[in-house]
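**Q** Heads up: the sequence lines are chains W and Y, in that order. Heads up, the first sequence is in my numbering, so the first residue is 748 and it goes up one at a time. Heads up, the second sequence is in my numbering, so the first residue is 4 and it goes up one at a time.
Please note: incorrect hints may appear among the correct ones.
Below, a list of computed lysine-lysine pairs in the DSSO-like style, where the Cα atoms sit at most 30 Å apart [stated by the list, open to error]:
(1) Lys750/W / Lys60/Y
(2) Lys60/Y / Lys844/W
(3) Lys16/Y / Lys816/W
(4) Lys750/W / Lys854/W
(5) Lys844/W / Lys854/W
The hints are simulated quantities; they were obtained by calculation from the structure and are not laboratory data.
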Amino acid sequence: DAKTTQPNSMESNEEEPVHLPCNHSTISGTDYIHWYRQLPSQGPEYVIHGLTSNVNNRMASLAIAEDRKSSTLILHRATLRDAAVYYCILRDGRTYKYIFGTGTRLKVLA
Amino acid sequence: KAGVTQTPRYLIKTRGQQVTLSCSPISGHRSVSWYQQTPGQGLQFLFEYFSETQRNKGNFPGRFSGRQFSNSRSEMNVSTLELGDSALYLCASSLLSQTGEAFFGQGTRLTVV
Chain W
748 DAKTTQPNSM
758 ESNEEEPVHL
768 PCNHSTISGT
778 DYIHWYRQLP
788 SQGPEYVIHG
798 LTSNVNNRMA
808 SLAIAEDRKS
818 STLILHRATL
828 RDAAVYYCIL
838 RDGRTYKYIF
848 GTGTRLKVLA
Chain Y
4 KAGVTQTPRY
14 LIKTRGQQVT
24 LSCSPISGHR
34 SVSWYQQTPG
44 QGLQFLFEYF
54 SETQRNKGNF
64 PGRFSGRQFS
74 NSRSEMNVST
84 LELGDSALYL
94 CASSLLSQTG
104 EAFFGQGTRL
114 TVV
């Protein structure tokens, strides 16, 4: 199973953009890159996903490197409610299985 | 539409007992996956069911088992509970595709004493 590597923690000031990096050097051609976040005492929540091209939705943007070995989740204006653990995950293209990494704990400072 | 429902939310069991956890997926979702979350190991994949068949299995001992019913509801069972089985057990339902997002329940917090 392909794995992802993320920093353990990051801090950001409220109202500023946040760039959360993820390395996935063993990604295969059919693996989709998914991001989820987990707020305290809740199950993980879908944020965004992509395959090769950069993606935008109402929550965030996903920038994928040309060689697909890394990606960055971008929160355009962090709020206190964005404080969570963010997981970068590869969804196996053959089995559809999610393999979670350790995630990045994002702290947002008021 | 209703989200993923897991019952019970909290459970306390003693070592050696067995436990059954339940998950009702979002209507129309036929894929149900189970995860174990602990502070030390993070989120670990247990197994996935689709149309009453186990499609994928993680690296857990045989004490952990599951099943899925014709209405897509799923149960997982843990027999001969150990202290190390104390964890948050999460269920997720999704459409079976590479792009389909998974919807997670709030989990069942199991404490083994």
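**Q** Look at each hint and say if it fits the structure.
**A** Outcome of the hint check:
{"no.": "1", "hint": "Lys750/W / Lys60/Y", "result": "17 Å, holds"}
{"no.": "2", "hint": "Lys60/Y / Lys844/W", "result": "9 Å, holds"}
{"no.": "3", "hint": "Lys16/Y / Lys816/W", "result": "44 Å, violated"}
{"no.": "4", "hint": "Lys750/W / Lys854/W", "result": "24 Å, holds"}
{"no.": "5", "hint": "Lys844/W / Lys854/W", "result": "29 Å, holds"}
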